[in-house]
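Q: Sequence:
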Amino acid sequence: MKNILYFCLLLAPILSFSQEKIPLIDVEKIIDQVREKEQSGETQQALDLLNKIHKNDSTYCSILTSKAYYLINLEKYDEVIELMDEAKTYSCGDVRVFFYVNQGVAYASKENYAKALEVYNEGIKHFPTYYKLWYNKGLSLEKLDRIDEAVAAYQRSITLNPLYRSPQLRLGNLCYKQGKITQALMCYNMYLLLDPDGSGSFETLQSLNNIVSSKNENESDPEIEISEDDEYFEDLDLIIDNKIALNKDYEIDHEIDIALIRQNHAMLTQLENFEGTDGFWSKKYVPFFNWIQKNEYFEDFSYTLVASIQNEKYKKQVQKKQKDIVEFLKIALEQWKLVLSKNTVVVDGEEKELHNSYQGSFVEGQGVFTNETPVGHWKFYNSYGRLTGEGNFAEDGKRIGNWKWYYETGDEKETAVYLNGELNGKNVMHYANGSMYIDGNYANGKLDGEYKFYNENGALIQKKYFKNGKLNGKYLSYFAVGKDALEYDVVYKEDLLQGTVIEYYVNGAVYRETPYTDDGKIVGIEKKYHIDGTLVVEANYKENQLDGVYTTYFANGAVNDKGQYLEGEPTGMWKTYYDDNTISDEYEYTKGKLNGSYKRFDTDGKIHYEYTYRKDEIIAYKFYDKAGKVIKEAKKKGGEFLYKSYSPDGNITSEGIYDIKGGKKGDWKFYSNNGVLTASGSYVDDKTIGEYKTFYKNGKEESVAVYKDGMLAGYYVAYHKNGKMKNQGWYKEDQAYGEWRAYYVDGTLKNSYYYHKGDLHGDQQEYSNTGKLNRIIGYKFGSLISDKFFDENEEEYQVINYLKDGVKGVLTHNFTNNLPNISTMYVNGLQHGNYTRHAFDGKKLVDGTYTNGNESGKWTWYFENGKPELIRHYFDGNKHGEELRYNEDGSIKMKAEYYRGEQQGIEVTYYKNGKVEISTPYKNNQTHGRKEFFDSLGNLQLVRFYNHGRLVGYSYLDTNGKEKPMIPITNETANIKAYYTNGKVSREMEVKNGDFVETYIAYYYSGKMESETHYMDGEFHGISKEYYSNGNLKNEKEHNYGKLHGKVKEYHENGKMKSDFNYANDELTGEAKHYNEAGKLTKTELYFNGEIYDIQTL
6 MKNILYFCLL LAPILSFSQE KIPLIDVEKI IDQVREKEQS GETQQALDLL NKIHKNDSTY
66 CSILTSKAYY LINLEKYDEV IELMDEAKTY SCGDVRVFFY VNQGVAYASK ENYAKALEVY
126 NEGIKHFPTY YKLWYNKGLS LEKLDRIDEA VAAYQRSITL NPLYRSPQLR LGNLCYKQGK
186 ITQALMCYNM YLLLDPDGSG SFETLQSLNN IVSSKNENES DPEIEISEDD EYFEDLDLII
246 DNKIALNKDY EIDHEIDIAL IRQNHAMLTQ LENFEGTDGF WSKKYVPFFN WIQKNEYFED
306 FSYTLVASIQ NEKYKKQVQK KQKDIVEFLK IALEQWKLVL SKNTVVVDGE EKELHNSYQG
366 SFVEGQGVFT NETPVGHWKF YNSYGRLTGE GNFAEDGKRI GNWKWYYETG DEKETAVYLN
426 GELNGKNVMH YANGSMYIDG NYANGKLDGE YKFYNENGAL IQKKYFKNGK LNGKYLSYFA
486 VGKDALEYDV VYKEDLLQGT VIEYYVNGAV YRETPYTDDG KIVGIEKKYH IDGTLVVEAN
546 YKENQLDGVY TTYFANGAVN DKGQYLEGEP TGMWKTYYDD NTISDEYEYT KGKLNGSYKR
606 FDTDGKIHYE YTYRKDEIIA YKFYDKAGKV IKEAKKKGGE FLYKSYSPDG NITSEGIYDI
666 KGGKKGDWKF YSNNGVLTAS GSYVDDKTIG EYKTFYKNGK EESVAVYKDG MLAGYYVAYH
726 KNGKMKNQGW YKEDQAYGEW RAYYVDGTLK NSYYYHKGDL HGDQQEYSNT GKLNRIIGYK
786 FGSLISDKFF DENEEEYQVI NYLKDGVKGV LTHNFTNNLP NISTMYVNGL QHGNYTRHAF
846 DGKKLVDGTY TNGNESGKWT WYFENGKPEL IRHYFDGNKH GEELRYNEDG SIKMKAEYYR
906 GEQQGIEVTY YKNGKVEIST PYKNNQTHGR KEFFDSLGNL QLVRFYNHGR LVGYSYLDTN
966 GKEKPMIPIT NETANIKAYY TNGKVSREME VKNGDFVETY IAYYYSGKME SETHYMDGEF
1026 HGISKEYYSN GNLKNEKEHN YGKLHGKVKE YHENGKMKSD FNYANDELTG EAKHYNEAGK
1086 LTKTELYFNG EIYDIQTL
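Numbering (this note's numbering), first residue to last: 6 to 1103.
These are calculated hints, taken from the structure and not from any lab test. We treat Cβ as the ideally placed atom computed from N, Cα and C, and that holds for glycine. Hints may be right or wrong, so weigh each one.
What the hints assert, rightly or not - DSBU-like cross-link-like pairs, simulated, lysine-lysine; straight-line CA separation at most 35 Å:
#1 K248 x K326
#2 K475 x K403
#3 K325 x K403
#4 K920 x K1030
#5 K982 x K997
#6 K997 x K936
#7 K567 x K666
#8 K604 x K637
#9 K93 x K148
#10 K81 x K115
#11 K872 x K1013
#12 K967 x K1030
#13 K26 x K762
#14 K488 x K457
#15 K755 x K785
#16 K726 x K698
#17 K34 x K755
#18 K642 x K669
#19 K705 x K674
#20 K809 x K457
#21 K928 x K702
#22 K347 x K321
#23 K900 x K669
#24 K526 x K547
#25 K997 x K1042
#26 K1030 x K1063
#27 K967 x K1061
#28 K692 x K637
#29 K884 x K532
#30 K705 x K762
#31 K917 x K982
#32 K532 x K475
#33 K936 x K1030
#34 K299 x K325
Claimed, not checked - Using C-beta positions, here's what the derived DEER-type ranges look like:
#35 R780 x G553: 52 to 60 Å
#36 E260 x E236: 34 to 42 Å
#37 N512 x E1058: 43 to 51 Å
Let the hints inform the model, and build the full structure from the sequences given.
A: Next comes the structure, spelled out in structure tokens:
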């Protein structure tokens, strides 16, 4: 059993979901430790180490084999049987062969040989040429006294692996028990020959020497026939049994004078004229030993057999022959394989002579050889004994006709047609899941005609045409959803692109046009477009290289970058602009490298900083204030300088040593535009090393990561603003590795994921806002394969198989009452088509459309009364276009505008009476300009001024209705108090480094409080309240660092309760009660993780 594979990973013990640090489970190190424990005989400890490894690890299948091995050594056979039953349910590929081996061994160890035999036979169906299955089958048959069948199984094992010696010993013992000394001696010789100086070889040599020099006390059973050629060895048996060769007068020409050598000499001499039958010994052993005799290898053969001898005299003789032993063993084993390669088998009731073609020690192929040429039908196997392919050879040994190859599951991988050894005809490949991979045609060994390439979900990705092995004609490429979404439209001629190559957005709009000449080169102007058809890029090409003017554009048509290329390299003066045509950057290239002054300007057009370059290396820098005065400058000294950068407002943004050759070195610190520390780390040659920390604005740690040579490598932890852990896990070579956990802001476990080289793999657990298991998501190396959903009692209520249900058609996720919740159209494994979401009572809540897996077009959310609550537009998964939010009576509540996911223009929110509540200007997803606040009567409360997301000042109207000059704010930190024109306070708040802190209060024009909101580090925290104009409480909400957590109550204007909800981690949980204006309870809803699961109407 020691040859059973050693690879990694098992089910981890029950996990503790506290916020303790996840230990690193480094599989490679654990396996090394396991080996050490095994070598020291600490089997249970080795098993305990394996149990530390997570079941989601990619090598879990292999570790099941290792675990079974140790359990067998611990004689825990029932556990082995149970473990292997579990293992067979996994998609473990060829490793499955060891499940059958180990489970059979466990049954046999319990002396349940019939069940062991059943297991081995099941394994042989899947792995017909795996030698150990046949050998172990023979052991069980022998224990069941089915000797003839056992002999056949041992013989089969020998032919499948000529270098496997265990069946030689079993056959030898069976022969010896039956008094068939010659056949036994041949088997024992082979046992020694296959590992002459291995573990236990000397003990075997001693035993064999005793056997051939002593009387056999066994009594043969006349009912047992070992081989059909038994009787043909009887004369030779007499010679060996009578020990004629042990007579001192019997001469042998060999330095090693022991009984075994003498008896072998006698056997080899007598076999020269042996005439046997079709039995195994006559066909296999006799030819091999005759080869030894005929080629006068007796001396080398004998020295090889006694290689492990301990007698000092003989040992010296053996050591002198080491080179001869090695040479002989090499050719002898090849001869043994040659002898075993020819076998007579029954195929379809007819006896045929098939040849085994060996790769090393295993059978690689089986078929007919004619004059050393493969002919007819052949089957091919891998080292695990699984059929991997089959096909036919013509009389000349060239492939002909249909050929097939198979996956580990036995499903077809590829089919092809051959003629004269060349591909000629249909060639089809499939993915492991059975879907089409490639559908092509060949003529005379070259691709010819239509060729289709599909992704694993069955989507057509490419359709192209070949002629004589070269691309010719139309080439169409599609997005991942398939032929519904064209990505490229191309024409080829003799493998060269022709004319204008067009690339499309997923909605069919043109993304790029590239001109090609008849000789397949890009010449002319390549153009890229925004989604609305306006230009993104204009690039001039000559002979496949950028050459000439190069210009990029913003969505509004303004120039972004402009410069020149010469023979593929940027050259001369380049300029970059903001989208209002203000200069952003000015720099110059010489032969593709930055040289001279590089100037960066702020959004107001004033110079911010200036670098001096020499051949792409920074040799000096200057930072300026708004008056144009230098606030910091430095030049290289000895190849490096202390670098300090500053924001346009003069705050330090970074500092550290800069090496002009290697970049950042030593300790560096990074700051926000307000001068607040945001990150710190160390560098070598511009690569991060060691701990890298990020910080919140309040100075608390946000995250701690470990780097090695610029790549994430080690423990990573991030925190919520309250100091509780947000997520944690490990990185290895810049990729997430092993188990990762995320937590809600109150510390409750949110999910437990497992990564393999950065991809989710295995079962991923997700937990509700109250910490209950609510979902298990199955992944296979990053691909979503399944979903399991759990109710409020953690009981499974729905399973979705994406490989089956998510390929094509409508896939529905239900409520716990099995009524539809979310229904999505899938095409080729992607969301593509209509999407609807319903309430618990069946009313429609959302409808929209997916394209190629992303939201697209118009999406609508609905109130219970069926009227729209929100209308939003998407492109390629990003908000794009107008967004409108409504009140329940149909009046507008909010309107905003987006472009490709970035908010632009004015966002306006409205009171129910139609008057503006807040007007917020956006530019490139940042607040920019005047943000105005009004009360419900239209009175201005406050104006806050922003510069590209940064709060720079505020204002309000004086008692004469005139706006006060902007009151500037430094570093986004201030106590703000604004007034109505009647002199009463309208709004008051405190801002620190751009975050709201403490209490934010808004007032009605009358002076009564409108709302009171409490903040902690920029997040809602504590109980916030809103009031009606009559002073009655409108609502109160409890937050925990930005998340609704606790009670949320609403009141009618008359002061009576309207609703009483419970939240945990921003989602509804438990009872949600509704009341009429008289304060009477009308309905109670029950929620689990934000979703309703029961309604009680009164």
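Q: Take the hints in turn and mark each one as holding or not.
A: These are the hints, each one checked on the structure:
no. : hint                     : verdict
1   : K248 x K326              : 28 Å, holds
2   : K475 x K403              : 25 Å, holds
3   : K325 x K403              : 48 Å, violated
4   : K920 x K1030             : 22 Å, holds
5   : K982 x K997              : 14 Å, holds
6   : K997 x K936              : 18 Å, holds
7   : K567 x K666              : 28 Å, holds
8   : K604 x K637              : 15 Å, holds
9   : K93 x K148               : 26 Å, holds
10  : K81 x K115               : 10 Å, holds
11  : K872 x K1013             : 34 Å, holds
12  : K967 x K1030             : 31 Å, holds
13  : K26 x K762               : 21 Å, holds
14  : K488 x K457              : 11 Å, holds
15  : K755 x K785              : 21 Å, holds
16  : K726 x K698              : 15 Å, holds
17  : K34 x K755               : 29 Å, holds
18  : K642 x K669              : 15 Å, holds
19  : K705 x K674              : 15 Å, holds
20  : K809 x K457              : 23 Å, holds
21  : K928 x K702              : 24 Å, holds
22  : K347 x K321              : 39 Å, violated
23  : K900 x K669              : 46 Å, violated
24  : K526 x K547              : 8 Å, holds
25  : K997 x K1042             : 23 Å, holds
26  : K1030 x K1063            : 15 Å, holds
27  : K967 x K1061             : 41 Å, violated
28  : K692 x K637              : 25 Å, holds
29  : K884 x K532              : 25 Å, holds
30  : K705 x K762              : 31 Å, holds
31  : K917 x K982              : 26 Å, holds
32  : K532 x K475              : 28 Å, holds
33  : K936 x K1030             : 23 Å, holds
34  : K299 x K325              : 24 Å, holds
35  : R780 x G553: 52 to 60 Å  : 55 Å, holds
36  : E260 x E236: 34 to 42 Å  : 36 Å, holds
37  : N512 x E1058: 43 to 51 Å : 47 Å, holds
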